[in-house]
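Undergrad: Protein chains in written order, with my numbering: chain Z, 1448 to 1523; chain D, 3 to 197.
Since the hints were made in silico from the structure, they are not lab data.
Watch out, some of these pointers could steer you wrong.
Said to hold, decoys possible - Residues of chain Z placed beyond 12 Å of chain D at every Cβ, according to the derived structure:
#1 1449
#2 1451
#3 1453
#4 1456
#5 1462
#6 1475
#7 1478
#8 1495
#9 1498
#10 1503
#11 1504
#12 1508
#13 1512
#14 1513
#15 1514
#16 1515
Said to hold, decoys possible - When the alpha-carbon atoms are kept at most 30 Å apart in a straight line, the in silico BS3-like pairs for lysine-lysine are as follows:
#17 184/D <-> 1486/Z
#18 184/D <-> 36/D
#19 36/D <-> 1483/Z
For glycine and all other residues, C-beta sits at the position ideal for the given N, C-alpha and C.
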Amino acid sequence: MAIRVQLDRILLERRMSLTELADRVGVTLANLSILKTGKARAVRFTTLDALCRELDCQPGDLLVWEPGPQDPGVEG
Amino acid sequence: MRLPTLKPLGISAPFRSVRMFRTLGPGSVSSLLKIALDVAYVLLMLITGILLLALVAAIFVPLTGPLAGQTYVEGTGDAAREVPITRTLILFGLGATSAYFGGFLLILRNLRQIFRTLTQGDPFRPENVRRLRQIGLTLTVVTAGVAVAQGLIPSIPDPGFSEMLTPIFSVLVVFVLAEVFKEGARLRHEAELTI
């Protein structure tokens, strides 16, 4: 996906572990790693709100767009 | 998937138990359906098994006993004539009936598998799309087979248009449902990857 979530970089800057963030945000660790590895297809505004509050950042700090192949649609 | 709230357990746990209850509670439509499916499956298994045993017996055991030398009346009215009961005729009859019930057995097997995914709380899976399509194909084959068999045997009247309408419609309904499930599976997959 051309959209990347820069959770790694911000967590490093804040010296926070993924487990701690999961605890503070209330999202499961599994879901947070889906977000981190770029497998997620969408982010809820509520999740984004909680992430930004706990990491004290703006959505623009978390999300980056990179030129790349468009994600192929999911075939059920 | 869990909504990001301060007390995720407090919200998601009762929600989950309520959902379980609704899907398969005592006296619910689902539990009645499950009983009906199980009973029909066991009955069909018995019928198909007995028919297959009779078919195997008819292949290996020569035609003797009360049926030997008997005739049956073919056709109606003036066209009626007596035809001797041959081994080929019995084999064809038993084979066709076994295939007929076998088809329904296959459909019921798929239905029970679909139902199992429902009780597990996640029926919108790609496998269920495949199962529904298989049900549709089986219905088509059974319907076509019945039509052909009725054409082959003169003593059974050919099916009229209205008689064929119900099976054709049911095939259509099943294929439409398969497409709906395909879209459901896609939405489900997308929802799973929405964080």
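Undergrad: Run every hint past the structure and note whether it holds.
TA: Here is what the structure says about each hint:
| no. | hint | verdict |
| --- | --- | --- |
| 1 | 1449 | holds, 16 Å |
| 2 | 1451 | holds, 14 Å |
| 3 | 1453 | holds, 15 Å |
| 4 | 1456 | holds, 18 Å |
| 5 | 1462 | holds, 22 Å |
| 6 | 1475 | violated, 6 Å |
| 7 | 1478 | violated, 5 Å |
| 8 | 1495 | violated, 9 Å |
| 9 | 1498 | violated, 8 Å |
| 10 | 1503 | holds, 16 Å |
| 11 | 1504 | holds, 16 Å |
| 12 | 1508 | holds, 17 Å |
| 13 | 1512 | holds, 18 Å |
| 14 | 1513 | holds, 19 Å |
| 15 | 1514 | holds, 22 Å |
| 16 | 1515 | holds, 18 Å |
| 17 | 184/D <-> 1486/Z | holds, 21 Å |
| 18 | 184/D <-> 36/D | holds, 23 Å |
| 19 | 36/D <-> 1483/Z | violated, 42 Å |
Violated hints for the displayed structure, listed by number in ascending order: 6, 7, 8, 9, 19.
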